[in-house]
Amino acid sequence: MTVLKSALDVGAADFAAKRDAMLAKLAEVDAEHAKTIGGGGTQYVTRHHKRGKLLPRERIELLLDPDSPFLELSPLAAWGSDYPVGASLVTGIGVVEGVECLITANDPTVRGGASNPWTLKKAFRASDIAYQNRLPTINLVESGGADLPSQKEIFIPGGRMFRDLTRASAAGIPTVALVFGNSTAGGAYVPGMSDHVVMVKERAKVFLGGPPLVKMATGEESDDESLGGAEMHSRTSGLADYFALDEPDALRLGRQIVRRLHWRKAGPAPAADYDEPLHDAEDLLGIVPPDLKTPFDPREVIARLVDGSEFDEFKPLYGSSLVTGWAQLHGYPVGILANARGVLFSEESQKAAQFIQLANACGNGTGTPLIFLHNTTGYMVGAEYEQAGIIKHGAMMINAVSNSKVPHLSIMMGASYGAGNYGMCGRAYDPRFLFAWPSAKSAVMGPQQLAGVLSIVMRQGAAAKGLSYDEEGDQAMRAAVEGQIEAESLPMFLSGRLYDDGVIDPRDTRTVLGMCLSAIHTAPVQGTAYDGAGFGVFRM
Amino acid sequence: MINRLLAANRGEIARRVFHACRSLGVSTVAVYSDPDAASPHTAEADVSARLPGATPGETYLRGELLIEAARATGADAIHPGYGFLSENAEFAQAVLDAGLTWVGPSPKAIESMGSKIEAKRLMADAGVPVLGELSSDAVTADDLPVLIKASAGGGGRGMRIVRDLADLPKQLEAARAEAQSAFGDETVFCEPYVANGRHIEVQILADQHGEVWALGERECSIQRRHQKVVEEAPSPLVSDTMRTELCEAAIAAAKAIGYVGAGTVEFLADESGRFSGRRAGEPDHRFWFLEMNTRLQVEHPVTECVTGVDLVAWQLRIAEGAALPPDPPSFTGHAIEVRLYAEDPAHDWQPQAGTLHRFHVPGVNAEFAIPPGGSGLRLDSGVVDGSVLSTHYDPMLAKLIAWAPTRAEAARRLATALAGARVHGVVTNRDLLARVLRHPAFLAGETDTGFFDRHDLATLAAPLADPEAEKLSALAAALADAAANQDHAARRSGAPVLGRLPSGWRNVPSQPQRKRYRVGDRQVEVRYRLTRDGLAAEGFDGVRLLASAPDQAVLEVGGVTRTFAVAAYPDMVCADSALGPVTLRPEPRFVDPAEQVAEGSLLAPMPGTVTAVHVAEGDQVEAGAPLLVLEAMKMQHPINAAEAGVLASLHVSVGSAVDAGSVLAVVESQEEP
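Chain order of the listed sequences is A and B. Position 278 of the first sequence, counted from 1, bears residue number 278 in my numbering, the numbering being contiguous throughout. Position 229 of the second sequence, counted from 1, bears residue number 229 in my numbering, the numbering being contiguous throughout.
Isolated chain B (complex conformation) (with noise of 0.2 Å):
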């Protein structure tokens, strides 16, 4: 028996862990890092155990501090969630050899499917498809496009996709670095890349009596920079015949190597045609094996959801060595999850760090759980408001499903609950994945790997909002932010009357109240005046002011009642409504010349590391030149030089830490004579 649990992992995973050992009884231990130390995660575990330091190489990937901790703390068992030390052979026997349970696979099952090149081989021995290898030398125009692999890679890390034979070295070697230094091993290879292929993939939840169970399939084919971003269960290409291949084929796999406790057996399906090896009386769509995970996956809601089986809760029970049924479950209804990022989809998916103001989605029937009545929506989040967001980790900040009788009612759901939601601070994904499941072609099944690429991303990332919802939210914001300003005038001591008065009141007046906002890349001024008769404000006609107050404004557009309900923080403005959300950031009434910057000025995007600078000061920059590059939430951001001229000065060197905003160097542009 399990009494003690230790989640060697952090946010939404070791929460959801923990809701597991709750709902049977278990106890709970979190670690956590230093920017851990006030998450969720940590508050919520029974006893908690520091792991100095913040990046993961210091932490969270640090086994013997783990095991130490499961010792000090008097767990008697260790889930490792997914993505970290989750499918490190090494790790799991460390934990079984210190005396605890595993909750997992056995490490030599993880080690098999580690090596990806091995995991390829067992399989077509058992009879699973498998997609041809290439050799990275042997590589021809015919085989483009490829695929690099890493071969003890995951989560996309180091995939890398070559359309030209000459990129070829240049990637293979840049994916070797990426390996060497992601996992730890450098081996790649490459496969024929399915340029529009679709990522199905079938859980499989094993006892250690034999019982294998293939819990049907997922779909997980909306993906960017080969993360998934849009999951489902059951797939939409999938036929009733097609599932039964595909589990059967999962079994397969799984009893190949043994497998005991919850795993994934990746699929690649694809349309295409370009494999042409398809027999007579074959299934329509043909599908390899890709990969298997030897570990609980992010997007396991959406199989528990159709199933009605707690996973997390069975790999707790399977590890201490009860049995399956006989019977796996049937499946009810449609899941759909979406990830929530912190990423700016719109500018090259940049992942964004801060502080989480405010996160609240709207009627979620049940958090880390199955909902109750056969549908729902269900939240699995990491944070909370005023979560900060650190460099250090991955982006996501939740997870949202929504269970529906079908599919189109489900995206409806989600869709609604997404764009209802309330996320202030950080950039985020959110208006992009209610676009996705709005679109006619995911709501038409299509859902492809290339499905950014085909519909537009910058179209499927616009806002919600569009630019008359942004100057009506513009306007909500000053008119709460005249609200607020009564309010606060109202509790000054001495003079409450101030503040009781008509907001920006004139005997005399002259000219309107003026609020500068910026929405993205545009400035919107909002002029307005409070009179007798109501609002009056500069190009918003027939606009009528209903009510507002420092957390809304309630507005009358064309005989239609808004409500948009604003939040103020120091640095932004949120205002929500049915027209969408709009982030808008005060301008300054003035500005202090002691933080302005110097025209030429390139600033950090976000907090981060320079690890390297081409430049020295005095240098003749070309417009685009290279200057450094700064290191920030796992990936290298090449900071270059907006125009040409002269670079006049350099703030870092390399290994210097930046917030954002921070001036990085000085390009003086050069005057044409």
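Isolated chain A (complex conformation) (with noise of 0.2 Å):
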């Protein structure tokens, strides 16, 4: 075992300019957050708590067990969109009754917590997480249902929702539906298609059409409880199993069905004793320069993520730019591939393919989790390194990631440019968990290069017809260029987008990666090596 060695400085003024960025960076992600739990600000929310009902975010708490930890999803999702931020729903995995589970919670709050296509992708990401974790779901509901004017964009991508309750459901992954208020029409069916269903008296409200529409269809009168109240589902329809008297009997009567699941993890277990690190999370951030040009030795950040700080490297000497090697995260076994010096080589590249291979054959079958560390600006360009060979050793690389059975982890700390995002595990390449720093950037290239780029491009375009060059015109097109891809490269345009699962405190990193390895193990865990059907590992 090696025992990772600190060579941070924590009193140089470099450290604390590199902490007062980060801290400042964090500032704005706080005030984002702040948004998202101020749903649909205090006019509403005061009304909303006036009905006696409580908050999506109250409800969860209630719902969890007392002081256990809670990892909200996708919080920033609509960011930078028309749409409220985070997209009118709450989604994260939080224990009950010792059982992690996905939660999901729609906030009336916002537009009578009407789904628009960001609540559509959010909840998509929480099916895929509780689906790919087997993570039994609790939907807390009470939605408006679509939001109508961008119903084009809902309609029929949105029928995934319930499809996806009853495929988590034939696979076996209890989906469990407390209903607090409207689940109309099409939202009917997410208790129609839950396993469990409780409703609360003189609050739930499902049924496939309302009064006014029952009277223009069949000219019948009609009101909201005969319709649909969870009176009614109780006694009448058995589309409720459960009649709750209130919104906290409710959430009692979540907790006792999930007690009765008898839910097993399918995973190995973690190591029941393990040591924190070495050395202080807090440093943390203090380590990632604001100018991404600068690199960072990532064993700085391994050592206060890993447990003991032990850290056994994979290859140390060769394609140092590439950090690998094996270690233990709260009790899981776990590898990990960080970069050092930004840039991927053929060396870099083929030693990531090999050790992805080796963390596959790991574990008897199970093999070992993997952690991607992103700050890479990509593979290495230029003559020499495509004769090189650069491109096939990529794709060893991103082959091996894409076909890697294990469960992949990425934490975006700076850059993750161009094909280094494919080859560590970017959001296309399903990584079970995928969380940002408020230091991370993401783009196909660096802004500057990007400008740089078209500005050739631009500049050979009008040579080749003869044209002058714009200069003036150019300097302009390439700070808003800059201007534009530098505001799309930042975490929370990215997070907006559901391209990460979330922008995180640097100094909660292991806990994150803690949460997301034990939710991981709900599911059984195997490599590629586990059935013998493909090749042996690949020297490279």
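By construction, these hints were calculated from the structure, which means they are not laboratory data. Treat the numbers as computed from the prediction; the structure is a model and nothing was measured. Honestly, I wouldn't trust all of these hints.
Stretch-level coverage of chain B by chain A, calculated; a stretch enters the list once three of its residues show a Cβ under 8 Å from a Cβ in chain A [stated by the list, open to error]:
1) 374–385
2) 502–509
Using 30 Å as the maximum straight-line C-alpha spacing, the simulated DSS-like pairs for lysine-lysine come out as follows [claimed, not checked]:
3) A:Lys-215 / A:Lys-152
4) A:Lys-293 / A:Lys-5
5) A:Lys-121 / A:Lys-152
6) A:Lys-35 / A:Lys-18
7) A:Lys-50 / B:Lys-471
8) A:Lys-53 / B:Lys-471
Note that the Cβ used here is the ideal one computed from N, Cα and C, for glycine as well.
With the hints as a guide, bring both chains together as one complex.
Structure (structure tokens):
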């Protein structure tokens, strides 16, 4: 076992400057989180409370085991869009009766909890997480249905919501719906497709068509209670399994349902006891430089994430721009791939491909989960490297990442540019979870590079047409493009588009990874070598 | 020689007797009722014999069963302890007739002192001062207040004070009924009631050879419901001259009836001057013979401490025929005893039943014995952790005795030990006792029987912990609970990680953890978050959490480090600290509708038996109207309507046995039209 030593000088001015920059970015993220928490604003929150109703996060708090952790997912969904931050839905992983569950809760203070395109994306992401990790799902339902003006974006894809519920059920993953209010029209299929349904007395409203629609369709006079009240569904239609007297009672029943699921974790159990890292997580604020052109040693990060700061490096002398090695995090064995000097060369690519194969062969079939710590500017370019086969070697790494069967976790610490994002298991490569630090940036390439490339291309185009190039216009164009790309490569923007699962405080990284690993191990964990059908590990 | 002794008693006194037996090498036999099967006195005897049943009438009062138990276990002597059959001459005779050694005075001596009327006459004849007795028919307004006493009684049972002549017939009737049920003899008598009297008693030890020791006096004036709570030796009231007179009177009393063994002559001393018969040259304080207790007293340890005499061991030796040395011992220091009761002084001394989860007194130097070294703390306890307090017996848990060179020091030692004791599970008089021992009037020696009336019982019974201490204790309880939840999660198979993460961690924090407790009649909600920067609790600005564990929370409050020992039980959390003990009842996060009781429900305050029902379903009842009577802990508890309305349902009938919290009846209040 190798215990990592830290060379970080926490007294240095450089450290303080990095820390200050990180804290400033964190404050911005906190301000956005506050908007999410604020829901539809004071007026709607007050009205909701006056009706004797709880806010989505209040419902979740009451549902969770006391003092247990809760990892909220996609809190910045819809950031930068026309819809309120948070997308009128709260999702996350929390512990109910000792069982890690995927919890979702509509925020009825935001436009009645209506679903917009971002609500859908967020909900789909949550159901993917539940499905992949076999987490029982608890939906706290109170939604006015589809946001009608944007129906074209949601009606057709939205059907997936109900499909996912019943597919989860088919896969043996329990689904629980606690209906606190409106759940009408298509929304009625949320309780409709759930395994366990609780409805709140005089609050739940579950019908395909409300009184006006019924009147229009058949001329029948009706009311909410007879069409879809909790009492009716509990006594007459049988759509509700449990009749809750009030909101807390519904949450009590939800907990009772989960207790009787007898849910067992199918993945291997972690070590029962382990050491905390030797170095202070607080220092993680002062490692990433504000300007990502300056590389940093990811071992300083690893030393603050893994148990006992113990890290056994694989091929430390080969392809040293990528650090690979074995460690344990909150008792779970992990393999770590971390960019050291940004660029990925052929050696780094081959080393990564070999390492990923080895991780799949570990643990007598279970494999070892992989953590990707991003700070890459991409694969090396240039004639020398192209001729040496950088594409082939990069492809090996991307092939390995794509077909690896062990769970992957990605943390965007700094840069994640170009195909480096793919090779390091970016969003498109389905890591089980992906979180970003406020210092992260991700795009096809750096803003200056992108603007410069555009400028060269345009200049060449002008030359080809024999036109003179507008240098002043070029300046303005480059500035505008740089500004746009910079803005679009920032974590809040990407988080808003659901390209990550949230922006986290670097100091929380070990906690977040611990929760993720624990959630992941609810499902069986298997490497590619599980059934012996593939090849042996290729030495590259 | 006694080889094997049966203690015809239970609880701490049985344990006290066994302790003396062990020191003399005498083998021990316990008897136990069904509720006492697992009690400490049963467990620590060499042999034990079951007395089937629960009530004293079925068990400890059954002389024939006790003698049979002695035969069956090979015991050759019986010690009656106090209470039960200790002053029953018939039983003493039966023991002797069975050929066993009776550790106590002769049946004749018991009999002559058993009748209070007879005893007073005997004492008057022997020249011992006595209070004039009043015939119950001849009481006039001038005699008021008067005290009605059961002739065969003791321990305050059946005593009633009458301040209004109109009440006399009713009170006499009630006293006779109570005397009949408690002692099998309905004879009662009246005597002038000395409102602020001082209860002073002299310990006697007499051998079979005519030697009588008077081992000084004990003062037992602080009483509630005519039962002693604080006892001490010597009395702060008694001067050397008065002591000599008291001892002489006591020796005269003992000699008058040829007394053998340990006994106590009780006197009432008066400071009020109502009895104006004082003659010139007489001491300031007059005293009158009250009664003689022909047995060991509950409060014997204070005499043992100051005299160095093991009274129980001497009881045994005297029963074996040993002679007392010619010179009685001298007195050293001051000893104070408190009786720790499972009772609620703030609610009419209501006795408490239930499980005593924890019982620990810090700094105890000796149990059932005189502390070595001339001073110290002594504990005579009938209970241990987990003891179940039954409704059938006296609710005394233990006696705690401090012995020190001075009275003030003894009081301080005792108060500190009480305040620091861990007593979990039932309400006790512990806080009251600590407050009494620290009260300026007590420290000044002003300890008459009216102490609780004069010094405002509500103030004395107030918890040692003030509201601020209760708030901090609730916070400590919540934080210890958080640590316990972490611990529990860390031990959960498959996901220990969750218990290793920061408690209540949130990446998007929106609100605090909430825990609600009931402290007495108040509800306290603790709202807190454990953040990267430490504890953030609403209303606790500047309070830092230094450490927490499932059984502890260490807080820094205003620069002072405060350690709270926290013990969580299924129905309560007990937080002990230097700020005072606090019992918190966690309020459930959720209420199962099935467990909710209808509004207007009257719940049984304690387990017991319904002895009377005054109403029927559908009856209109007034607020405060008596609905039924619950008998528990030897007392009759009226259950009254909390508000006016209609008796919607009645869940019990006469004879129903109910648990604490059972719904007895439901009164539906009537809305004003």
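Taking the hints in turn, this is what the structure says about them:
Counting residues of the region 374–385 of chain B whose CB lies closer than 8 Å to any CB of chain A gives 0, which falls below the minimum of 3, so the coverage claim is violated. With 7 residues carrying a beta carbon less than 8 Å from a beta carbon of chain A, the region 502–509 of chain B meets the three-residue requirement, and the given coverage holds. Between Lys-215 of chain A and Lys-152 of chain A the CA atoms are separated by roughly 26 Å; this keeps the pair inside 30 Å, and the hint holds. Our distance criterion of 30 Å between C-alpha atoms is met by Lys-293 of chain A and Lys-5 of chain A, whose separation comes to about 24 Å.
About 14 Å separates the Cα atoms of Lys-121 of chain A and Lys-152 of chain A, which keeps this hinted pair within 30 Å; it holds. A hinted pair counts as satisfied when its Cα atoms are at most 30 Å apart, and Lys-35 of chain A with Lys-18 of chain A qualifies at roughly 26 Å. In summary, the hint linking Lys-50 of chain A to Lys-471 of chain B is supported, as the alpha carbons are separated by about 29 Å, within the 30 Å threshold. A distance of roughly 29 Å separates the Cα atoms of Lys-53 of chain A and Lys-471 of chain B; the hinted pair therefore holds under the 30 Å criterion.
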